[in-house]
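S.K.: Sequence:
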Amino acid sequence: MNRKRFVAAATAMLMCIAVGGYAAVAGQETQPQVKVLDKSVSGNPMLGFDENGDVLYGGDPSILVDGDTVYCYVGHDTSTGEYYHMPDWRCYSSTDMENWTYEGEILNAADISWAADDVSAWASQVAKGSDGKYYLYYCTEADRANGGGKSIGVAVADQATGPFVDIGHPLVRNIDTPNGPHTWEDIDPTIWMETDENGVEHRYLGWGNNRFFVCELNEDMVSILDRDGDPAHLSVGYYSEDGTPNDIVIGKMNGIEIFNDQDKFEGHSYTEAPYYYRQQDENGNYFGPYYMFFATDWREQMAYATTDDIMTNEWEFGGILMEPSATGNTNHMAVFDFQGQTYFVYHDGSLPHGSGFRRVACVEKMEINADGTIDPIAKTAVGLTGTVSTITDYTGAYVANEPFENSLSDSFYPITDWSTASLTARGSKDILVDFFQTGTEKEWEINPGKADKSVEEYVSIESNNKPGLYITAGDSSGDTIPVVLAQDAGGTQDEALRMTFRTLEGFAGKGVSFESVKYPGYYLVSRDGDLLLAQDVGDEEATFFVSTEDTAVTSQPADVQKTTRMYTVGETLNTDDIRILLQTGDGQYVTVDHYTTNASEVDMSTTGKKELRVTYQYAGKQYEASITITVVEQDYR
Numbered sequence: 001m002n003r004k005r006f007v008a009a010a011t012a013m014l015m016c017i018a019v020g021g022y023a024a025v026a027g028q029e030t031q032p033q034v035k036v037l038d039k040s041v042s043g044n045p046m047l048g049f050d051e052n053g054d055v056l057y058g059g060d061p062s063i064l065v066d067g068d069t070v071y072c073y074v075g076h077d078t079s080t081g082e083y084y085h086m087p088d089w090r091c092y093s094s095t096d097m098e099n100w101t102y103e104g105e106i107l108n109a110a111d112i113s114w115a116a117d118d119v120s121a122w123a124s125q126v127a128k129g130s131d132g133k134y135y136l137y138y139c140t141e142a143d144r145a146n147g148g149g150k151s152i153g154v155a156v157a158d159q160a161t162g163p164f165v166d167i168g169h170p171l172v173r174n175i176d177t178p179n180g181p182h183t184w185e186d187i188d189p190t191i192w193m194e195t196d197e198n199g200v201e202h203r204y205l206g207w208g209n210n211r212f213f214v215c216e217l218n219e220d221m222v223s224i225l226d227r228d229g230d231p232a233h234l235s236v237g238y239y240s241e242d243g244t245p246n247d248i249v250i251g252k253m254n255g256i257e258i259f260n261d262q263d264k265f266e267g268h269s270y271t272e273a274p275y276y277y278r279q280q281d282e283n284g285n286y287f288g289p290y291y292m293f294f295a296t297d298w299r300e301q302m303a304y305a306t307t308d309d310i311m312t313n314e315w316e317f318g319g320i321l322m323e324p325s326a327t328g329n330t331n332h333m334a335v336f337d338f339q340g341q342t343y344f345v346y347h348d349g350s351l352p353h354g355s356g357f358r359r360v361a362c363v364e365k366m367e368i369n370a371d372g373t374i375d376p377i378a379k380t381a382v383g384l385t386g387t388v389s390t391i392t393d394y395t396g397a398y399v400a401n402e403p404f405e406n407s408l409s410d411s412f413y414p415i416t417d418w419s420t421a422s423l424t425a426r427g428s429k430d431i432l433v434d435f436f437q438t439g440t441e442k443e444w445e446i447n448p449g450k451a452d453k454s455v456e457e458y459v460s461i462e463s464n465n466k467p468g469l470y471i472t473a474g475d476s477s478g479d480t481i482p483v484v485l486a487q488d489a490g491g492t493q494d495e496a497l498r499m500t501f502r503t504l505e506g507f508a509g510k511g512v513s514f515e516s517v518k519y520p521g522y523y524l525v526s527r528d529g530d531l532l533l534a535q536d537v538g539d540e541e542a543t544f545f546v547s548t549e550d551t552a553v554t555s556q557p558a559d560v561q562k563t564t565r566m567y568t569v570g571e572t573l574n575t576d577d578i579r580i581l582l583q584t585g586d587g588q589y590v591t592v593d594h595y596t597t598n599a600s601e602v603d604m605s606t607t608g609k610k611e612l613r614v615t616y617q618y619a620g621k622q623y624e625a626s627i628t629i630t631v632v633e634q635d636y637r
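Per our numbering, the sequence shown starts with residue 1, numbered consecutively.
Worth flagging that the hints you see were computed from the coordinates, not collected in a lab. It is possible that part of the hints are untrue.
Each computed DSBU-like pair below joins lysine-lysine, with the alpha-carbon atoms no more than 30 Å apart [to be verified]: (1) Lys-39 with Lys-610; (2) Lys-39 with Lys-510; (3) Lys-252 with Lys-133; (4) Lys-252 with Lys-39; (5) Lys-562 with Lys-610; (6) Lys-35 with Lys-128; (7) Lys-264 with Lys-252; (8) Lys-35 with Lys-365; (9) Lys-365 with Lys-453; (10) Lys-365 with Lys-128; (11) Lys-510 with Lys-453; (12) Lys-453 with Lys-35; (13) Lys-609 with Lys-562.
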């Protein structure tokens, strides 16, 4: 049956009456019934709110773990345009990495006596000294009396939540690191403290944009250790095994002296935002190399490097960890351990009206491999606490965003245009409906509706693998309206309306149908591989299934298939060719991509039949299947 729903009465034959602001068609067999979907408890952004729950932008996150509490510090973004305006630093706390408490302002830039202005609250990090006090290392713009340019300062507090009081002068001035490429290289301080095998505590401070530096602090935490025998002068230079040590050591990467972004290592350049880290065992003892995480290239990706001696400042590039953000141009990470888990905190512009100048902190779990390498980390909308959903049409085909990599070119941002003709530079991305979609492009987060979060039947659907981008109603183009993936970079009500849909009982008698809040009477439909909005819709093409709803529970075990089931003795058991296809209670078919196996436990050194167990989850339930593997002699084939 086709259903036509009109915004207002178009003819005398079809008399429309308003129902809650939406059109209902007289004489129809059934009227659309509201269906309320479960919303995700969003994990990302993990912060971005003030004491009243209102939006608060803050970037350059750093972390202090103090006992059973994690503190996150950010520079407060108050810019209304595409420029930086950061008047102060703010703090949040958590005891479980899931629930965060807003602790308020910890230091105001106006209270720094040597600062050139009161809107330069750049990146910072807090450390707890052996004296029990807390030290905030930060960057701001120095006044002329202190040489101008970006400089590193220190402020001290009795509590992790402040208030912090500046020591009255810079710790490192721009003029203390002469002959640099520009006046903003002394930014983004990071501190690492540990006690060596002789019981001596070391306090390593790193920082830098284009060039990167390291020094060791004295026990007082507010002065630089003299290493060259001349306490009246700060010596600066690259590490030399034969020469006198410098107080401040300039960094090298893969043996290359780094001066500016033209000094490439493996095709990349060091940009800014260093952050130190080292692994700990179960007894709290540090082991293995030192890690420096940092922003690389432009737009900024995130990467890591390692060294065995942090004071040489000579590092080996480890690789790219995270692609540039789809919603912001810079980045700054924090890596730390808490309750046995390693976390990777970063910022993006995924809040409404977000950008590289209105940022917010996000978090992902991170794992370090046994050999010390780190695999790339995927940005997600769900973070630690959210719920991933898949959406399929009536035939079982997945709703997915077109596959794309976030460009390093500023010309492709913001991703905001609503017309399908602009799916290139600065344009929105396409939405597909594809049965064979197996990537993370088919993962979504069902959030409360941006247009009005108090309306239960309103939802906004965010891409999980491109956080900050939402399924969005494009510009009206006749009988149908294009649907695109876009960011609400303007933070306007029009954007909120475009990104909000009213959920209804599925027109086919099951599942869910979605009505546009921007264009009442228009419904999401799956047509010829595309997701569109239309008025004249068929029941089945306008019916979808959300995996996290009751309708998505499986009615029978999945069909678990593996392409290669015969191996020779000693051959590696490959698990990349496993395909899991299951049927939902509605008779729809979906594929499951995430699974674990016991492949590492299967004995491939002897011939015979082996059992490969595959464990997977769907709709909150765990399932297990077995595949028989045959191992034969090497000359069998």
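S.K.: Does each hint fit the structure? Answer for all of them.
M.R.: Now the hints, each set against the structure:
{"no.": "1", "hint": "Lys-39 with Lys-610", "in the structure": "violated, 42 Å"}
{"no.": "2", "hint": "Lys-39 with Lys-510", "in the structure": "holds, 19 Å"}
{"no.": "3", "hint": "Lys-252 with Lys-133", "in the structure": "violated, 33 Å"}
{"no.": "4", "hint": "Lys-252 with Lys-39", "in the structure": "violated, 48 Å"}
{"no.": "5", "hint": "Lys-562 with Lys-610", "in the structure": "holds, 14 Å"}
{"no.": "6", "hint": "Lys-35 with Lys-128", "in the structure": "violated, 51 Å"}
{"no.": "7", "hint": "Lys-264 with Lys-252", "in the structure": "holds, 11 Å"}
{"no.": "8", "hint": "Lys-35 with Lys-365", "in the structure": "violated, 34 Å"}
{"no.": "9", "hint": "Lys-365 with Lys-453", "in the structure": "holds, 28 Å"}
{"no.": "10", "hint": "Lys-365 with Lys-128", "in the structure": "holds, 24 Å"}
{"no.": "11", "hint": "Lys-510 with Lys-453", "in the structure": "holds, 25 Å"}
{"no.": "12", "hint": "Lys-453 with Lys-35", "in the structure": "holds, 15 Å"}
{"no.": "13", "hint": "Lys-609 with Lys-562", "in the structure": "holds, 15 Å"}
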